[in-house]
Amino acid sequence: MGIAVEAVIALVKIAVVLGVVSLVVAYLTYLERKIIAHIQQRLGPMRVGWHGLLQPIADGAKLFLKEDIIPDKADKVVFVIAPIMVLVPAFVVYSVLPFSSTFYITQVNIGIFFILAVSSLGVFGIVMAGWASNSKYSLLGALRSAAQMLSYEIFLGFSIIGPLMLAGSLNMQKIVEAQSDVWFVFYQPLAFVVFFIAALAETNRVPFDLPEAETELVAGFHTEYSGMKFAFFFLAEYASIMVVSTVAVTLFFGGWQGIGWIPLPGFVWYVLKLGAMIFVFIWIRATLPRYRYDQLMRLGWKFMFPLVMANIFLTGLVKFLFL
Amino acid sequence: MFEVESSTRVERSSVVPGTEELIINMGPQHPSTHGVLRVILRLDGETVKDCDCDIGFLHRGTEKIGENITYTMFIPYTDRLDYIAAPSSNLAWVTAVEKLFGWEIPMRAHYIRTLVAEFSRISSHLLWLATHALDIGAMTVFLWCFREREMVLDLFEHAFGARLTVNAFRLGGLFQDVPQKFLDLSQEFADLFPGRIGDYETLLTDNRIWLQRTRGVGVISADDAIDLSLTGPILRGSGVRWDIRRAQPYAAYPYLDFVVPVGENGDVYDRYLVRIEEMRQSTRIIQQCLAQLPKGPVSCKVPRTIKPPAGEVYHSIENPKGEFGFYIVSDGSETPYRVRIRPPSFVNLGGLKKLALGGLVADVVAIIGSIDIVLGECDR
Amino acid sequence: MELAFFYLFAAGIVGASLLMVTRANVIHAALLLVLAFLFMAGLFVLAGAEFLAGVQILIYAGGIMVLYLFSIMLMNVGVAVRLRQWHRQSVLALAAAVLLGAEVWAVLGRGGYPGAKAWGWGLGQTPGNVEALGEVLYTKFLFPFEVASILLLAAMIGAIVLAKREITR
Amino acid sequence: MPDEAQPDGKEEGGASAPAGAKAPPAQDLRELVEREYAGAVLEQTAYKDLASEATLVVRMDALVQAGALLRDHPSARFRLLSDLTAVHYPGDERPFHVVYHLYSFDHNRRLRLKVKARDGEQVPSVVPVWGGANWMEREVYDLFGVSFKGHPDLRRILLPEDWGSHPLRKDYPLEGRGERVYTKPRRKEFGD
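Residue numbers (this note's numbering), protein chains in the order written: chain A, 1 to 323; chain B, 1 to 380; chain C, 1 to 169; chain D, 1 to 192.
Hint data in this document are derived by calculation from the structure and do not stem from the laboratory. Please note that the accuracy of each hint is not assured.
[What the hints assert, rightly or not] Examples of chain C residues lying across from chain A (beta carbon under 8 angstroms, computed): (1) Ile27; (2) Leu31; (3) Val34; (4) Leu35; (5) Leu46; (6) Glu50; (7) Phe51; (8) Gly54; (9) Leu58; (10) Gly62; (11) Val66; (12) Leu69; (13) Val130.
[As the list claims (entries may be wrong)] The calculated PhoX-like cross-link candidates involving lysine-lysine, where the alpha carbons are at most 20 angstroms apart (straight line), are: (14) C:Lys140 / A:Lys302; (15) B:Lys49 / B:Lys295; (16) B:Lys307 / D:Lys48; (17) A:Lys174 / A:Lys62; (18) D:Lys170 / B:Lys64; (19) B:Lys64 / B:Lys307; (20) D:Lys48 / D:Lys149; (21) A:Lys62 / A:Lys73.
[Unchecked claim] Derived CB-CB ranges, DEER-like: (22) C:Leu94 / A:Val193: 54 to 60 angstroms; (23) B:Glu157 / A:Lys73: 46 to 52 angstroms; (24) A:Val182 / C:Ala159: 58 to 64 angstroms; (25) A:Ile154 / B:Arg215: 24 to 30 angstroms.
Just so it is clear, CB atoms sit at the ideal spot from N, CA and C, and this is done for glycine as well.
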């Protein structure tokens with residue numbers, strides 16, 4: 001009894017979450033292809049399985065069996081570590097996400113802070129990949145990506161301060177519980193707008209997908225990657241979409257809490273809200289063009305930064321005066 | 001493809017770390033140079049300091065070929081010039097040769113030629129819009145445009161049996177009359193298309209990001225545009241209301257009512273608006289052509305051996321890209337003595353330097369898109 | 001259990017640091033430094049200072065080291081690799097290291113950092129060490145805190161001025 | 001120098017320039033140019049008397065001035081250089097006819113200017129008058145080997161820098177080795 005059992009339970013939980021998350025992330029790619037296809041009046045994957053349902057598995061198998069190419073001039077060790085460095089933080093974050101009131105791997109007092117800190121490590125993998133590939137395109141893509149992620153991490157961090165001030169805790173569960181009456185999105189609309197934009201930039205999605213801008217940089221930092229290593233980058237990107245969506249749901253939309261008296265388990269609510277968030281991500285990708293690099297930075301520093309500062313000030317003021 | 005040449009090295013010895021210029025090489029296999037165009041950029045930071053185009057990768061000596069085959073045999077070669085709008089190239093060649101002969105073409109042939117040429121304009125503008133939007137990152141517009149372009153190509157297939165290099169016209173008129181089904185489907189397309197243009201516009205015209213990427217980018221004044229011999233939507237985007245269809249009408253254009261749209265600022269956005277409006281006007285022209293289409297023969301009497309008198313003519317038409325002309329020198333034999341193709345893409349691309357200078361690297365992609373080049377006709 | 005983790009992290013820090021100072025390739029050295037930071041964050045977690053661990057990762061690993069890597073990558077690493085690895089000061093450096101080690105040993109041997117108790121919070125106060133930290137930072141140490149932030153502001157302005165200066169040749 | 005014709009003119013019997021009709025659709029323009037630069041216009045033709053095919057053959061030394069005059073004079077205003085090309089008539093004394101197609105927005109009319117150059121003779125560049133001539137003259141230089149005096153950046157444009165010959169000349173064969181001599185000079189690159 002004691003430590004051993006706890007360790008086993010924890011390991012099982014980790015295994016379940018890892019397995020489910022990997023599968024969900026794989027199907028996220030399917031979902032994205034299907035949704036975009038239908039927005040663009042075409043069908044998307046249709047061949048593998050019913051309506052292409054087995055497509056992600058086929059893709060996975062293909063990537064798994066592909067020849068793994070390491071460029072001759074690459075720094076081999078760093079080249080191999082880079083995709084791992086991208087993937088691991090993206091998955092470690094799941095250890096503190098509250099999937100429901102009872103199901104989570106662990107509770108950390110600094111939950112949200114932990115997520116920010118760990119996901120900031122993903123940038124290393126990208127920088128390492130860009131540098132180790134020894135290719136101009138990769139390096140340029142990596143530099144762009146790193147600069148973008150660093151800047152937008154700041155806005156992301158500041159934008160969550162408002163809700164945190166309302167919740168009075170960094171613990172994810174407590175943040176969710178604090179929203180049992182009103183979701184924070186109604187108290188903190190500004191913060192949510194900034195958070196959402198920063199999240200798009202943080203995950204390198206359209207309209208901020210400059211690091212991977214096909215028409216300019218071919219494929220950015222993962223130009224030289226193939227096979228499973230490429231798949232790692234891909235998985236990490238979608239895993240971080242899930243993470244930021246979860247954080248958005250947790251901070252602004254009441255997490256696993258339901259609406260009204262509709263009797264659904266917390267986990268289902270969580271999944272529904274998460275699905276809606278992710279749909280918006282995909283929808284935006286199908287709709288918007290891409291920013292230019294200087295415009296991206298200008299938007300961040302000249303528009304979002306003052307906005308988020310004003311939000312913190314206002315929240316503090318209101319809290320000081322009325323609460 | 002990008003060459004970062006030692007610009008990033010920091011010299012320890014110098015007190016002030018000097019910034020060297022960066023030479024970037026886009027193409028000839030770059031996704032956004034629309035074919036085999038190579039653009040060499042010299043940058044200071046992100047700003048374009050100098051710009052040079054390396055073209056000719058697709059040079060096939062079409063003008064030389066033209067000097068050695070008969071007038072009729074050259075028609076399919078014109079398909080391969082502006083292959084995005086092949087009927088337009090056909091039209092330029094046959095009207096130029098007919099001018100050399102002084103033939104009278106039956107009205108029905110004129111109308112069908114006009115109709116098909118306008119379809120080719122729509123097809124070309126759709127491809128332009130699709131790739132231009134994709135270059136700037138709007139992915140959905142690309143697929144929507146291709147959906148409609150597919151319809152236009154199907155129409156070509158109905159009328160001429162080919163989709164891209166249609167070889168639509170013959171000297172003296174048409175090879176044969178178009179089938180009724182083609183006309184019916186054309187009517188259907190013309191009724192449907194304006195709504196589809198509206199769809200594209202909802203995604204782009206008032207989109208903030210689109211405006212930021214295109215407004216004030218690649219600006220050229222009317223005087224500069226004329227000086228650089230730019231023609232077509234670029235010239236009109238700068239505010240010069242000059243369209244050969246209106247200024248020196250050919251085919252059935254004298255009998256048709258349409259507006260020549262112009263821009264004000266001469267930037268990428270105005271060129272976009274001009275082309276969008278041109279698609280609308282093309283649809284109007286198609287509607288009118290279908291309504292007014294006269295009955296009768298589709299070809300005048302053409303002699304068995306085609307031997308024009310000695311002499312020289314220049315005739316140009318309004319291609320989707322600009323002024324597309326042929327200068328034919330005849331020595332009285334069955335083959336032309338000299339065939340000169342006046343290529344709009346080639347001349348317009350010559351203005352790239354002026355447009356790109358002082359802009360940012362990402363703008364170059366947008367500017368190349370807004371010039372709308374097709375390398376087949378640029379390199380000939 | 002905790003002890004095992006402590007030794008694991010400690011060994012990790014020492015190993016990564018040693019590797020770091022012996023690498024010829026600056027990029028590798030920088031990445032090893034990141035590894036050392038991560039182990040250090042682990043130590044913070046073991047000590048119950050979760051917030052510090054988070055800050056350690058976010059600021060040092062996620063922020064500062066990325067900028068380091070940035071500037072290193074923009075330089076020509078190929079030259080650095082061929083540079084001489086050991087300088088003549090190595091004896092001096094070793095002496096300094098020994099001296100520093102002795103000093104740390106002496107201080108720690110006297111029973112921890114004096115005054116840690118006087119701050120009103122010690123290591124191990126797990127629940128709410130964020131609040132505790134905030135409390136202390138904004139009351140007792142408000143002045144040093146503000147001084148530090150002004151210092152950072154000055155540094156930032158200085159950096160902008162230096163970077164924006166017109167380059168004359 | 002100008003008459004140092006290369007020994008490549010033995011071919012096809014040398015078709016000569018087409019003789020145009022004599023009627024004068026561009027009489028006003030001819031008078032305009034002549035008034036300013038007497039004797040600048042050598043010939044005046046128009047195919048079938050079509051106004052759109054009005055052609056003036058000008059003297060080479062008057063080309064740039066006549067061009068500027070035609071561009072700026074209110075009764076001409078040929079601001080657009082539609083096209084610039086050349087025609088090769090091997091065997092003629094002046095085998096290279098450089099042809100300029102001008103267009104006037106104000107008067108909606110076209111005019112064709114021609115200059116006739118000896119083999120190896122330099123034609124004055126019209127880039128100062130019409131900037132668009134830049135690439136067109138490069139193309140003529142590339143495909144005909146006519147070089148332009150005062151051109152800012154005279155390099156080959158369609159063919160590789162080391163091509164070595166000029167395919168649109170009439171003596172350039174359609175197939176076979178012919179004129180294409182492969183030599184490898186230093187490649188003139190951007191920035192030279």
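Item to check | Hints that the structure is at odds with (numbers, increasing) | outcome: 4, 5, 14, 15, 17, 20, 21 and 24
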